[in-house]
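Engineer: In my numbering, the protein residues as written are 1 to 277.
If you are wondering where the hints come from, they were derived from the structure by calculation, not from laboratory data. The model shown is predicted, which means the values in this text are computed figures rather than measured ones. The reader is advised that the hints may include incorrect statements.
Stated by the list, open to error - Cut-off 27 Å, straight-line C-alpha distance, at most; resulting in silico cross-link-like pairs (BS3-like, lysine-lysine):
#, residue 1, residue 2
1, K249, K85
2, K247, K166
3, K223, K164
4, K247, K173
5, K249, K173
6, K223, K166
7, K108, K85
8, K113, K136
9, K240, K166
10, K136, K152
11, K173, K189
12, K240, K164
13, K223, K152
14, K89, K111
15, K111, K249
16, K113, K249
17, K247, K164
18, K85, K111
19, K247, K113
20, K240, K152
21, K108, K247
22, K104, K164
23, K226, K164
24, K247, K226
25, K210, K223
26, K226, K152
27, K249, K226
28, K166, K249
29, K104, K247
30, K89, K136
31, K113, K89
32, K164, K210
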Amino acid sequence: MAEATPVRVFSRGVAQLISPNANVPAAEAPARNNSPAAAYARKQLVSRTGALAFKRGMISWYDENGVHMPATVLEIDLCQVVGHKTEEKHGYNAVQVGMGHRNKALQKMNKSKLGQFSAATVNPKQAVAEFRIRGKDGLLPITTEITASHFKVGQYVDVQATSKGKGFSGVMKRHGFSGLPASHGVSLKHRSGGTTGQNTDPGRVFPGRKMAGNMGNETVTLKNQKVLSVDEDTGIVIVKGMVPGSKGKIVKLSDARNMYGVAAHDVKSRLGPLVPE
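Construct all of the structure, not just a fragment, from the sequences and the given hints.
Structural biologist: The structure is reproduced here in structure tokens:
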């Protein structure tokens with residue numbers, strides 16, 4: 001019996017490799033930052049507390065390559081730890097941070113807040129916020145001051161603030177509707193949203209329908225904002241992009257929690273220590 005020629009054996013091997021049913025062995029090690037374990041870790045609580053800051057305005061920023069980008073100036077002023085929450089007593093670990101100096105009369109302040117500041121031996125603060133953390137290692141001692149050096153250049157942070165209130169707004173301004181035609185029988189309803197439902201069945205407007213209403217004055221969180229500059233002497237932290245709210249409003253800054261894209265690759269080596277230096 002004649003043996004198979006080498007050419008025929010080679011052709012059969014190629015056909016097996018390119019077949020749709022071929023079993024291609026998977027890589028043993030998953031891609032970096034692209035595995036279920038890495039995705040789960042990115043959604044966990046951060047290991048250290050954040051800080052409060054005042055929004056001072058926006059500037060133009062140029063990086064080392066001359067690329068222009070918008071940036072927001074934030075000021076961290078008199079930011080201190082005023083309290084703790086532990087998992088044994090409250091069910092979770094958190095650090096309570098206060099910032100600024102209260103200018104209003106102390107008689108108008110809530111007695112519970114006055115008692116908290118008195119127990120912490122700190123001056124009454126203009127604003128107090130709570131930052132949940134992963135474990136007890138991030139519970140800083142009370143009266144610890146958090147300065148701008150808490151954040152590092154190149155780090156990614158999550159920014160949370162209250163957006164500007166726009167009042168009662170129509171669907172064109174609030175949701176970006178195109179409006180009705182300018183002519184051809186349309187009168188006095190050019191900026192209307194049109195029909196909002198069906199006929200007798202179901203005979204109602206479904207919940208969640210985009211309609212006119214109050215716009216703005218909501219808590220907005222921007223993720224993965226890059227820190228461009230840090231000045232410890234003046235307490236200035238400059239972050240890339242815009243920040244919700246108007247000038248003088250209070251902003252919450254914390255380490256990026258759900259990092260993705262570029263932020264997920266180069267951030268771990270740039271985070272600061274758990275305890276401020």
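Engineer: Hint by hint, note whether the structure agrees.
Structural biologist: Right, here's what the structure says about each hint:
{"no.": "1", "hint": "K249 / K85", "verdict": "holds, 26 Å"}
{"no.": "2", "hint": "K247 / K166", "verdict": "holds, 16 Å"}
{"no.": "3", "hint": "K223 / K164", "verdict": "holds, 19 Å"}
{"no.": "4", "hint": "K247 / K173", "verdict": "holds, 23 Å"}
{"no.": "5", "hint": "K249 / K173", "verdict": "holds, 24 Å"}
{"no.": "6", "hint": "K223 / K166", "verdict": "holds, 23 Å"}
{"no.": "7", "hint": "K108 / K85", "verdict": "holds, 26 Å"}
{"no.": "8", "hint": "K113 / K136", "verdict": "holds, 24 Å"}
{"no.": "9", "hint": "K240 / K166", "verdict": "holds, 25 Å"}
{"no.": "10", "hint": "K136 / K152", "verdict": "holds, 23 Å"}
{"no.": "11", "hint": "K173 / K189", "verdict": "holds, 15 Å"}
{"no.": "12", "hint": "K240 / K164", "verdict": "holds, 19 Å"}
{"no.": "13", "hint": "K223 / K152", "verdict": "holds, 16 Å"}
{"no.": "14", "hint": "K89 / K111", "verdict": "holds, 22 Å"}
{"no.": "15", "hint": "K111 / K249", "verdict": "holds, 24 Å"}
{"no.": "16", "hint": "K113 / K249", "verdict": "holds, 21 Å"}
{"no.": "17", "hint": "K247 / K164", "verdict": "holds, 10 Å"}
{"no.": "18", "hint": "K85 / K111", "verdict": "holds, 20 Å"}
{"no.": "19", "hint": "K247 / K113", "verdict": "holds, 26 Å"}
{"no.": "20", "hint": "K240 / K152", "verdict": "holds, 13 Å"}
{"no.": "21", "hint": "K108 / K247", "verdict": "holds, 25 Å"}
{"no.": "22", "hint": "K104 / K164", "verdict": "holds, 23 Å"}
{"no.": "23", "hint": "K226 / K164", "verdict": "holds, 22 Å"}
{"no.": "24", "hint": "K247 / K226", "verdict": "holds, 20 Å"}
{"no.": "25", "hint": "K210 / K223", "verdict": "holds, 25 Å"}
{"no.": "26", "hint": "K226 / K152", "verdict": "holds, 10 Å"}
{"no.": "27", "hint": "K249 / K226", "verdict": "holds, 20 Å"}
{"no.": "28", "hint": "K166 / K249", "verdict": "holds, 16 Å"}
{"no.": "29", "hint": "K104 / K247", "verdict": "holds, 20 Å"}
{"no.": "30", "hint": "K89 / K136", "verdict": "holds, 13 Å"}
{"no.": "31", "hint": "K113 / K89", "verdict": "holds, 19 Å"}
{"no.": "32", "hint": "K164 / K210", "verdict": "holds, 20 Å"}
Every hint from the earlier list agrees with this structure, and none is contradicted.
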